[in-house]
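Required output: the full structure, derived from the provided sequences and hints.
Letter by letter, the chains look like this.
There are 2 protein chains.
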Amino acid sequence: MAMSRNVSEAVRQRNLGTLLRLVHVGGPASRSTLARRMGLNRSTIMALTGELTSAGLISEDRPHVSGRAGRPSIVVRPSCDRVYVLAFDVAVDRLVAARVGLGGIVLDRRVAVRRRAGADLDDVVSVLASFGRSLHAAAPADAVCAGVGASYCGMVRPDDGMVHFAPDMGWVDQAFGTSLSDALGLGLPVVVGNEAHLGARAEHLRGAGVGFKNLVYLHGDVGVGGGIIVDGRLLDGEAGYGCELGHIVLNPVGGRACNCGSHGCLEAEVGERALLDLAGRPSSLYGRSAVRSVVDAAASGEDAACRALREVGDWLGIGVANLINLFNPGVVIFGGMLRDVYPSCAEQVQARIANNVLAVSREVRLCVSALGDDACLVGASELAFAGLIANPLPR
Amino acid sequence: MAMSRNVSEAVRQRNLGTLLRLVHVGGPASRSTLARRMGLNRSTIMALTGELTSAGLISEDRPHVSGRAGRPSIVVRPSCDRVYVLAFDVAVDRLVAARVGLGGIVLDRRVAVRRRAGADLDDVVSVLASFGRSLHAAAPADAVCAGVGASYCGMVRPDDGMVHFAPDMGWVDQAFGTSLSDALGLGLPVVVGNEAHLGARAEHLRGAGVGFKNLVYLHGDVGVGGGIIVDGRLLDGEAGYGCELGHIVLNPVGGRACNCGSHGCLEAEVGERALLDLAGRPSSLYGRSAVRSVVDAAASGEDAACRALREVGDWLGIGVANLINLFNPGVVIFGGMLRDVYPSCAEQVQARIANNVLAVSREVRLCVSALGDDACLVGASELAFAGLIANPLPR
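Residue numbers (the numbering used here), protein chains in the order written: chain A, 63 to 457; chain B, 63 to 457.
Everything labelled a hint here was simulated from the structure, so no lab data went into it. Don't be surprised by glycine CBs; every beta carbon is placed ideally from N, CA and C. One thing to keep in mind: the hints can contain errors.
[What the hints assert, rightly or not] Which chain A residues stay away from chain B? Per the calculated CB distances, all over 10 Å, these:
hint, residue
1, S92
2, R93
3, R144
4, V175
5, D204
6, R295
7, C305
8, N313
9, Y348
10, D365
11, V422
[Stated by the list, open to error] To give a feel for the contact side, a few chain A residues facing chain B, derived at Cβ under 7 Å:
hint, residue
12, S121
13, V206
14, C207
15, V292
16, G294
17, A301
18, G304
19, E306
20, I310
21, F389
22, N390
23, G392
24, L420
Written out as structure tokens, the structure is:
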């Protein structure tokens, strides 16, 4: 008997979470749609939506207009304005903070553009905490903050948000998550994830990866990171440090030196520095605008820029072909600065795929990130929402 | 009410499967151990073991000797002698068939060594079917065949066991699974899997990968295949063709030609032909014994053989380092002919890992297959048992 009650309670909790996730990710849905998607009858759905409505997590209303005969089904909406999270994105060249409502809507944001040098933990935390408090203060009085998440441009220890290694920031073993949590003073932990991992999750949920169970997301910043979704879940590996596709070696004989100490890594061959060097740009130039200027120059026919993009495209193609052979993904998504680069060297990438990928795996879509510069931020918000979605009404 | 009954029935079915899997994979276990591992009370365990005993899938007995005070807990054993599967392994140089008992014990086997040329579908199916019928006839009269599985050295379409592409056998789009099923005449379908995928599953369940959730298995035959376990499950990708690690390109500039039409693939740089060519062996030599003779010659100090193993080891190291950066596995396992090769070039492999793998992912075990030449066969038997384990007592 005790077992039956526990089972029913576990089923109820799971159903509440599934329903909330469906409207959080998929947007407003009619009760009948939810019943069909969850395989439950309408009275069970009504009981679940009743509980979630009482808790303020969703609202239900009847659509005003209906062109069809019969009573229109009640529509269930996530309470975007009443339930939100704070999401942060620490990139090499900017800090972003946002208030994101249930349903994944960015409601408010703050941005600080940064110079690259001298970005120490205290500075970063201080700017973000001030943004976070300001966003919190600007929220409606009856709104509830359900969690805090952050995206970070480096290796993050999954357990505690410790930044393990971030060569582009000069951080080693910094307690970023706990420091930001303390500075925010909201009494909430800050869940931290690697930017490319979060970008992959965001694209999978809400971007170019919707509908695929297997995807590869390449994120170009100063370095090149990756997030790989295998059978619907982020590949993390035995200790949480998988997906390091920037450091697969493609050019061991005579490849360019990499920040990691090795040679011929994907990051070394297709990263920002490789493109700028190959295009003959001075070493004082860096950043997204410098990358864009090479892409623009190539579009105007500048020889050096065209050659640079062809060469970068060839290495990018070799790397992507390897990833396709390993993961047989439905889609490969280019994010960060690779959003600017990929369209200008798509021909090289596709030629390598035609040459190096086994025929059975060639049915793969290649595209740029649909969420653009918000991919990692949206991923951070999903990290923040995860606790609520997993257990919407804890007993 | 209907929902509650369905829920209880689903829970019961799941529990029956979980219990059967625990003793099938882990071997005999006491009722109290099973209760603890499944988080259920002893009376629930007794009800489950009662049903499985009545169906002949397990037996229960009290251990004869107990050094401890109190009544010893009843021990639950899989019915190895009464419930079996037929498992087949089609490799380039041999055909193997076995009767494998519940619990994963190879009870009986037949082997045919083959020349490489002229291995067409009818020949292979005819030999295997004759082995299978003979194994079936030799089984005890009261034993039940629960399924049939086969491992194949090529790309297999997951849905129907169609061999899609097997360059080393010269097969393209051959209906291997259905042909073998028809020829066996047991009225059972034959589930077919790729050899390296099955080797990975077998090592994960019963070999060098036990206790790890993430592993990479490299299988050297004429080519090099792979099976990769991500978070406990075989990576298959969007269409079932993932894990093709033999065709990741490591040496695009001046690499050796590969059977796939590309250049510098892992398979081209570390496969049987690369090793034999580098060691100066004539092109008429091939196969496992030729590989072993190079390894033996290197052990005796032959210069050409030592150089060949060092070079193969360096490329193997680059490939393995790339896989570790991507998958952060707990263990990398070398199977097939790489069981002979890896120990003789472990130094080169480890040097590349030290150089190319990010520090956080370097905690990884490297070892040869624990199941040896039976890895793929055992994997095929697990494929055959999967239906029974998923649903031991269908209603």
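Verification of the hints:
{"no.": "1", "hint": "S92", "in the structure": "holds, 21 Å"}
{"no.": "2", "hint": "R93", "in the structure": "holds, 17 Å"}
{"no.": "3", "hint": "R144", "in the structure": "holds, 31 Å"}
{"no.": "4", "hint": "V175", "in the structure": "holds, 29 Å"}
{"no.": "5", "hint": "D204", "in the structure": "holds, 35 Å"}
{"no.": "6", "hint": "R295", "in the structure": "violated, 7 Å"}
{"no.": "7", "hint": "C305", "in the structure": "violated, 7 Å"}
{"no.": "8", "hint": "N313", "in the structure": "violated, 7 Å"}
{"no.": "9", "hint": "Y348", "in the structure": "holds, 23 Å"}
{"no.": "10", "hint": "D365", "in the structure": "holds, 23 Å"}
{"no.": "11", "hint": "V422", "in the structure": "violated, 5 Å"}
{"no.": "12", "hint": "S121", "in the structure": "violated, 26 Å"}
{"no.": "13", "hint": "V206", "in the structure": "violated, 32 Å"}
{"no.": "14", "hint": "C207", "in the structure": "violated, 31 Å"}
{"no.": "15", "hint": "V292", "in the structure": "holds, 5 Å"}
{"no.": "16", "hint": "G294", "in the structure": "violated, 11 Å"}
{"no.": "17", "hint": "A301", "in the structure": "holds, 6 Å"}
{"no.": "18", "hint": "G304", "in the structure": "holds, 4 Å"}
{"no.": "19", "hint": "E306", "in the structure": "holds, 4 Å"}
{"no.": "20", "hint": "I310", "in the structure": "holds, 4 Å"}
{"no.": "21", "hint": "F389", "in the structure": "holds, 5 Å"}
{"no.": "22", "hint": "N390", "in the structure": "holds, 3 Å"}
{"no.": "23", "hint": "G392", "in the structure": "holds, 4 Å"}
{"no.": "24", "hint": "L420", "in the structure": "holds, 6 Å"}
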